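Chemist: For reference, the chains in residue letters:
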Amino acid sequence: MHYVIIGNGVAGINAANSLRNYDNDAEISIISYETEHHFSRTALMYVFCGQLSEQCVEPFERDHYEKMGFKRINDKVSTLDPDANKLMLESGKTVSYDKLLIACGSVPAMFGWPGSELDGVGNFVTWQDLQWLKEKAKTSKKAVVVGGGLIGIETVEILLLAGIDVTFLIREDFYWPIALDQNEGDIIADHMRHHKVDLRLKTEFAEILGKDGKVVGVKTGDGEIVDCDLVVIAVGVRPQTDWLKESSLALDERGGIIADENLKTNYDNIYTAGDCAAVMWFNNVRRPEQLWYTGRDQGKIAASNLIGMNKIYKRGTFYNSAKFFDIKYTTAGLVNFNLDGEKNYFSQEDDTNYTIRITYLPDNSVAGFNMLGRRWDHRVLVNWVDEKRQLDWVLKHLHEALFDEEFMPTFKLNQKVS
Amino acid sequence: MQASLMSTYKSPLKSKGMIAWVLSFLLFAFYLLIYFTNIPDSWAHLVGLESKWNLYGVLYTISIVAGGLFFINTHGNSRYQKFRTFTLIFFQIVFAFSIPEIMGMFESKGFNFAKFWPLGIEQFSPEYIFEYPLLIIVYAFVGSLIVAPILTLLYGKRWYCSWVCGCGGLAETAGDPFRQLSSKSVKAWKFEQISIHTVLLLAILSTSLVIINWGLHFENAAGEWVTNHATFD
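Chains F and D, in that order, give the protein sequences. Read in order, the letters of the first sequence correspond to residues 1 to 418 in the working numbering. Read in order, the letters of the second sequence correspond to residues 419 to 651 in the working numbering.
Hint data in this document are derived by calculation from the structure and do not stem from the laboratory. These numbers were taken from a predicted model, which means no experiment stands behind them. Incorrect hints may have been included.
Claimed, not checked - Selected chain D positions facing chain F (Cβ under 7 Å, derived; list incomplete): (1) Leu423; (2) Thr426; (3) Leu487.
Unchecked claim - So, partial list: chain F residues that the calculated Cβ filter (under 10 Å) puts toward chain D: (4) Val47; (5) Leu52; (6) Glu54; (7) Ile158; (8) Ala162; (9) Ile164; (10) Lys323; (11) His399; (12) Glu400; (13) Phe403; (14) Glu405; (15) Phe407; (16) Met408; (17) Phe411.
Backbone N, C-alpha and C define an ideal beta-carbon position, used for all residues, glycine too.
Hey, can you work out the whole structure from these sequences and the hints?
Modeler: So this is what it looks like as structure tokens:
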């Protein structure tokens, strides 16, 4: 049996490891063109800064493929022929498979703005982007980052650390409305301005201006021109499935590979996992989950089903964590989903950025948490959401979910808004 | 992210550049001189110190203080790291350096109250420890056999290695900019697992031999190889 996995990101490598655990003799091939070794994409910013070396972000030792008996094909797949069980590679070679897992991830979304092709315009998603940005940062004096999400704010932070002035263009009224509310977004905005970010909220991005093929500035929706020699576009990612458009593999309107509850595509021997897979969400919307841990979980589930088990992929209660410059962020459950009759409890400790927002339902059961400043244990928060704990009970027990390092100032609830 | 972490893999000093090799060579030469020659004694006299080991103690303490301040500059955004580093500096200045010096002024043998067996392997050598007053003898035994193991059970080995110990202290302060250079391979980890237990075993074995020897009063020719005082000075 020949298993072929496209992609050695977190979904692909976890699937390969699981396959090997189930089947010691199977032939397992991994095709990828991005890097020789699997790496932690979420740590790219630390490599840029020189806080970690390139090898530091490889979770496995370099003899991993050899030790696990994986065949590593360094190539890019150009087309898939699902009826002939065949892949055509860019080098001209073909690879036949018995069973295939597509875990090829995403690519940065670009919306065809004029000037996107200029030298000095790029993204910060792939290993190649990292090399590009490192090179550009050596000479850049002033950068514009477009897109108020996680990659955007991380890019702003590392460019500032590299000594570059940064203008941050955000289309929305406040930072990251998909995850934060106005108050939380304002706290992050103040924090960014404190770090000398030239933050422009409610600012559309119209075009990139160039001279002799190089970036010289950016024009906003209002026609204002911001001079710069570097533009990083971070307006989200989309499934990397352009190479599948001609095939008969079913894609959704966003380009995600349609996956059933077993992560199977419309072909019985082809599965998908990670950023490129459009899976059913709790609210019956089908879309990709572009998260590290869901990619890992999907890879494992897909591997089980590839060898013939019948495991169902269910994400369970949402959780995530991040850091906005120095401000830690933890979320669990459903906040910002406008649930029927939801209310929000809000607390902010005096003279700090430590905030708590708890979304609860008309029956007083908690539905979600959004926490800034302190560190929280999402396992505890997720349990409380799953157990539908009452708000009063949760407030009394909140300290049990604290995950701060020792010697942090004592936690105190300080209700401001109800 | 801390701006001072930016240089971890970029500065030649922290990533095996030329200057790093020169520094390691100088340190290596210094240790060879201090352990195997008496040349550093004359350096000590120059600055008004009694012997090379006093000089070494002063330099060691300066390294921990200066390295500690650098560490706080890098990791001081965390209250935990701030408290921890100040505690390390405190233990080095007060317990490892000043108290033994002050005891010396009162014509007593110096004792480092922040050291326990088996790191302070001499503390279980009867010939060494019985020269101290009863209170210090009890302190050494209770500290090594009861307090240290219990604290380790409660907090892990960090309570000692990262908060109290002078060896860990130097590694966590002056040594911190270079810690990323250690090998993280599975091989290195396996070696560590084997080596730490081997060292513990050797410590127990040699200490037992010394105690047995003391108990049996082998003081002459046949037993000289285990009773040589110089080993424990």
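Chemist: Hint by hint, say whether it matches the structure.
Modeler: Hint-by-hint comparison with the structure:
1. Leu423: 4 Å, holds
2. Thr426: At about 5 Å, which falls below the 7 Å cut-off, the nearest Cβ of chain F leaves the hint on Thr426(D) intact, so it holds.
3. Leu487: Violated: closest Cβ of chain F sits about 19 Å from Leu487(D), beyond 7 Å.
4. Val47: Since chain D brings a Cβ to about 8 Å from Val47(F), closer than 10 Å, the hint holds.
5. Leu52: The hint holds - Leu52(F) has a Cβ within 10 Å of chain D, the shortest such distance being about 7 Å.
6. Glu54: This hint holds: Glu54(F) lies near chain D, its Cβ roughly 9 Å from the closest one there, short of 10 Å.
7. Ile158: With Cβ-Cβ at 7 Å, under 10 Å, it holds.
8. Ala162: 8 Å, holds
9. Ile164: Result: violated, 13 Å to nearest chain D Cβ.
10. Lys323: Holds, about 8 Å.
11. His399: 18 Å, violated
12. Glu400: 20 Å, violated
13. Phe403: Not OK, violated: Phe403(F) not within 10 Å of chain D, min 13 Å.
14. Glu405: At 5 Å from the nearest chain D Cβ, Glu405(F) passes the 10 Å test, so the hint holds.
15. Phe407: 4 Å, holds
16. Met408: Nearest chain D Cβ about 6 Å off; hint holds.
17. Phe411: 14 Å, violated
Hints 3, 9, 11, 12, 13 and 17 from the list above are not met by this structure, while the remaining hints are.
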